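Peer 1: Line by line, the protein sequences are chains A and B.
The opening residue of the first sequence carries number 9 in the working numbering; numbering runs sequentially from there.
The opening residue of the second sequence carries number 9 in the working numbering; numbering runs sequentially from there.
There may be inaccurate statements among the hints.
Since copy identity is lost for identical chains, a pair holds within one copy or between any two.
[Claimed, not checked] Here are the simulated lysine-lysine pairs, DSS-like style, with alpha carbons at most 30 angstroms apart: (1) Lys161 x Lys303; (2) Lys303 x Lys102; (3) Lys102 x Lys302.
I should point out that these hints are in silico values taken from the structure, not numbers from a laboratory.
Computed from a predicted structure; not experimentally measured.
Protein chains: 2
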Amino acid sequence: MTTSKGEWAIGIDLGATNLRGGIVDRAGRVVARDAMPLGGDKSPAAVIARISGLVQSLRRQTSGVVRAVGCGVPGIVGDQDGVVFSSPNLPEWKDVPVRDLLAKTIGLPVVVDNDANFAALGEARFGAGRGHHNMVLLTLGSGIGGGIILDGKIFHGDEGFAGEVGHIVVEPDGVLCGCGNRGCWERYAASQAFRVFAERLPAEERRALHAASGTTLEGLTPELMARLADAGNACAVELWRQFGTHLGIGIATILNVLGVTTFIIGGGIARSFDRFIGAARESVLAHTYAHHEKKLVLIQAALGDDAGIIGAAVAALP
Amino acid sequence: MTTSKGEWAIGIDLGATNLRGGIVDRAGRVVARDAMPLGGDKSPAAVIARISGLVQSLRRQTSGVVRAVGCGVPGIVGDQDGVVFSSPNLPEWKDVPVRDLLAKTIGLPVVVDNDANFAALGEARFGAGRGHHNMVLLTLGSGIGGGIILDGKIFHGDEGFAGEVGHIVVEPDGVLCGCGNRGCWERYAASQAFRVFAERLPAEERRALHAASGTTLEGLTPELMARLADAGNACAVELWRQFGTHLGIGIATILNVLGVTTFIIGGGIARSFDRFIGAARESVLAHTYAHHEKKLVLIQAALGDDAGIIGAAVAALP
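Bound conformation, chain A alone:
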């Protein structure tokens, strides 16, 4: 399957419940892949051991030379030292020197970064962002992840905190967020948004939505809302429009700060791209300079779950 002349890196994507990895060549192709559940013990030592095991398993699949390993972590990662400052999904992880721990265990050079940053790099080099020097990847799932590419490289800010866009305030005194603040963007443009919008419907429409969906507000997932919209439910169509409008407000903010006009939309909710992107585009243009109308690019991510693996591997290749 692979040649011994190849030069590969291994990309690892550490998710909330699964660990996925792949061998990636310089052209961004995944030539082998593997995955395993993360397991119950999420202590740094246990997870590092599992990542190491996945790397060994992947190396056995190739006769070529694996040069390095890149590992994406869902959390804040110092770009200089590969230390994971914190991770919402891995509450025990505080100031864990993942890069150094992994390098020692695996015996290869290791780079560690935030998972959305690696996904952004993957999309920028080999996916929907090709040809754009500057771009922002937004991953829409349970929250909003952000990865910023400037001049073709991941932009980190002072200590790896760049792109933490989910908590941009779009509605002061708005809906309470898990972070303790109110009105955060990811309450209005990620999976819990429909519950927020449904709560604001007139009682009659809310009852009708309840009847059509057969679920409570909590059950109004993007998947269910997609099915309802496809079945012609006008309320669902309208709530996807509201989703797009709120997505657009945050994108406009990022555009006004960074002056970057290319946005790649990924994450599970991007499957409903066509349902919300029209309203999102309108909303971005309503909140930025008219000039951007010609330049604004909102595209669906192209690499799916592979983006993070590809980006991690590409970043690791010397």
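Using the hints provided, position chain B relative to the given structure of chain A.
Peer 2: For chain B alone, kept in the frame of chain A given last:
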């Protein structure tokens, strides 16, 4: 005053009504300065002729070698070509190749950029931002100007549109802005903010403020509100707190996007720095990661009106 061994550049700051310039050395010192009114004819040709006249006048003040000219313009400037795309204060200016026109007239190398960008560079190199690789300058006046410094250099985004932060949305469906949108940041954290806050006061407090200030809502300028606060007017103190809170929301947004934690506050309203900065800091921390508490730096600009001249000259020096 100057030595013939000196190496200088001329920095020009093109304002709404005045043209100011200075000869600046490599250490960021303004060794000579001059100013003139912009005059009634604001066509590109007339303004370029005036800038050229100011440059000649400044050159006569030195026996040393002026190497280059930097010119800050209040508008969107392409960073690659020095073309002024548009300027709110100079409505006739559309796609004016200021850099090339000036270079031809003056016979020296010219760099042109947005005025807030040059002011940010001046503060970063020789003012309040010294020692910070990454920083954002916010100039609070009739609007909010932004200049972003990353790795010690002006960051431009795709076409010079970075740092157009005044129109970040902080209140969807909020107060109408001159740009035609609603809820823009500069309605709540620049000179017109007090009018907005006063309109929301209970009728009784609004009447008391009217009596204390002797003016209508339109007359509630930052200068007047500063005098009222100094005189112990509790309502004025409270409105400065609201000003700080809204300033902080926008700063938090920029922090969450860029991951940059150093903000320099300039512009005329920065004279009231102590009146609003406590509330601003509280508000930034309420809307960002708790981690930033130790890192967040909000400082008053140090160079005043010279920042733009110094930054323009420094950018021009080869």
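Peer 1: Would you pick out the hints that fail for this structure and give their numbers low to high?
Peer 2: Those not satisfied: there are none.
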